[in-house]
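Top line first, the protein sequences correspond to chains F and Z. With this note's numbering, the residue at position 12 of the first sequence is 12, and numbering never jumps. With this note's numbering, the residue at position 90 of the second sequence is 90, and numbering never jumps.
Stretches of chain Z that chain F covers, calculated by requiring three or more beta carbons in the stretch to come under 8 Å of a beta carbon on chain F:
{"id": "1", "stretch": "40–52"}
{"id": "2", "stretch": "58–71"}
{"id": "3", "stretch": "192–203"}
{"id": "4", "stretch": "206–218"}
{"id": "5", "stretch": "225–234"}
In case anyone wonders, no lab produced these hints; they're calculated from the structure. Note that the structure is predicted; figures quoted are calculated from it, not measured. The beta-carbon is built from N, C-alpha and C at its ideal position, and this holds for glycine as well.
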Amino acid sequence: MKTTTSWAAARGLGTLAAALPALAVLGVLGALVGCSVQSSPERITTTPSAVTPSAPPTGTSTVPPTPAVDVPQVDADISATQPAATIPPVRVRVADLGIDMPITSLGLAPDGTMGLDPNPAVAAWYQHGPAPSWGRGATVIAAHVDSLVYDIGPFAKLATAAVGQEVVLTTAEGLGHRYLIDSVQLIDKAAVPWDAIFDRTGTARLTLVTCGGEFDYDTLHYLGSVIVTATPVE
Amino acid sequence: MSKTLAFGIAAGALVAVAIAAPASAADGAKLSVLHGIPGVTVDVYVNNALTLDNFEPGTLAGPLDLPAGTYTVAITAADAADASAPVIPAVDLPLEAGKNYTAAAHLTEAGQPTASLFTNDIQTLNAGEGRLTVRHAAAAPAVDVLAGGTAVITNLTNPTEQILTLPAGTVSAAVAATGTTQPVIGPADVTVAEGVNTIVYAWGSLADGNLALAVQTIDGLHSNPSSIPAGEAGLVATNQPMDQTMLWMAGLATLMLGGTVITLTVLRRRGEAQLALDRASGTATDR
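The following block holds chain F by itself, in its conformation from the complex (with noise of 0.2 Å):
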């Protein structure tokens, strides 16, 4: 192999160099190293036995050792470490519950919540978390439940949904994503670990999100999300 000998080869001079002073040793092996291992190729017919005092022994076996862990390894070449494209879902359906919305991609609103379309009627996608693409984490999808001007939207409905129901989610190249809820939840707001709910590691999953509960008259916001997870149908 190419690089191994050319390795040894410098090796061996840096070996045979050590009694110089410092700077020629570091003359010599930059020298090898920065530009002599491609413009010089010949040097490599020396065989690493017969230029390395130090080498191993060599009427034993000299099969490599092998690692004692295993580290991941990637090319790291920018042409090899170009994401794909998200593909962001555009639509999402519960038929048992007659759910049938168009889907926005949103990110953070003004006060730092979760940006929301301010039609019922439209759910929104967090954009800057998890995608069915992406293959892991939790994809949020999240809609109004009501509002003083569209009135009461179909995640209303949410409150009602059961364990077993399914949801397809399309994504925008025409794929129908199948899920099946695992949970109804209706979580105290305070108490909602938001953190958790859009974790970006883990099983790829699912998670419908709007209001429910009691409401607080004097602030308009509801007390309490409706949470409703689904996992992948394989």
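With chain F held as given, fit chain Z onto it using these hints.
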């Protein structure tokens, strides 16, 4: 910030490794290793244990979870029998708990092999933002980084870095000698993902014509929405007062007639206003 290891006669990749001893995330350090010296394949030993076998140029290894401490790293020829004959003297890497490092074996500006230990910025990012770290690890003079033809980083020298916080997206980046706009690398599209530190290394040698870009990403630096306030009318509340309930029911009836809740509310308020006027003028009767 980068700390250049005094490698003396450095040549080859620098690496480290976890030798069993699992570290908890709280008190451990993370270490990645980039091989940025063109043309040579090496083996890497950490504390005398073979850790990276046949480590190729342009390859990134890790991250390794290591207990905080100092690790002795030796670089040998590929397929050496052990660490007894390193091609460079063993070096010690001090790693602090809670930090994230990348050790990069690369060329100096003058083309000498060396190694630098970079500390990666893992501070939390605002939602919607990504971090772009650019590191000069190439045998080349100072450079500018151009995005869309405009210099966004200037006078970056080997072996230093500059960091930008950007809206998440894709940047068309090119590298040019500082003060110029003629690219020596790129332009190339670099994805700066949300909540991720995207670290771009310029490596290789300008004189040898093998300059290249390597990319390392550190994710999980995002921040999450603080809540989801998904309702504002109380129309499905479980604690609706009688007045509210009646209003809602009336609203539904109005909807059936083609009206809206708003219409009803306006009408109702108009009625109340009329009542107030009536009272003010003394014409109101008890209702």
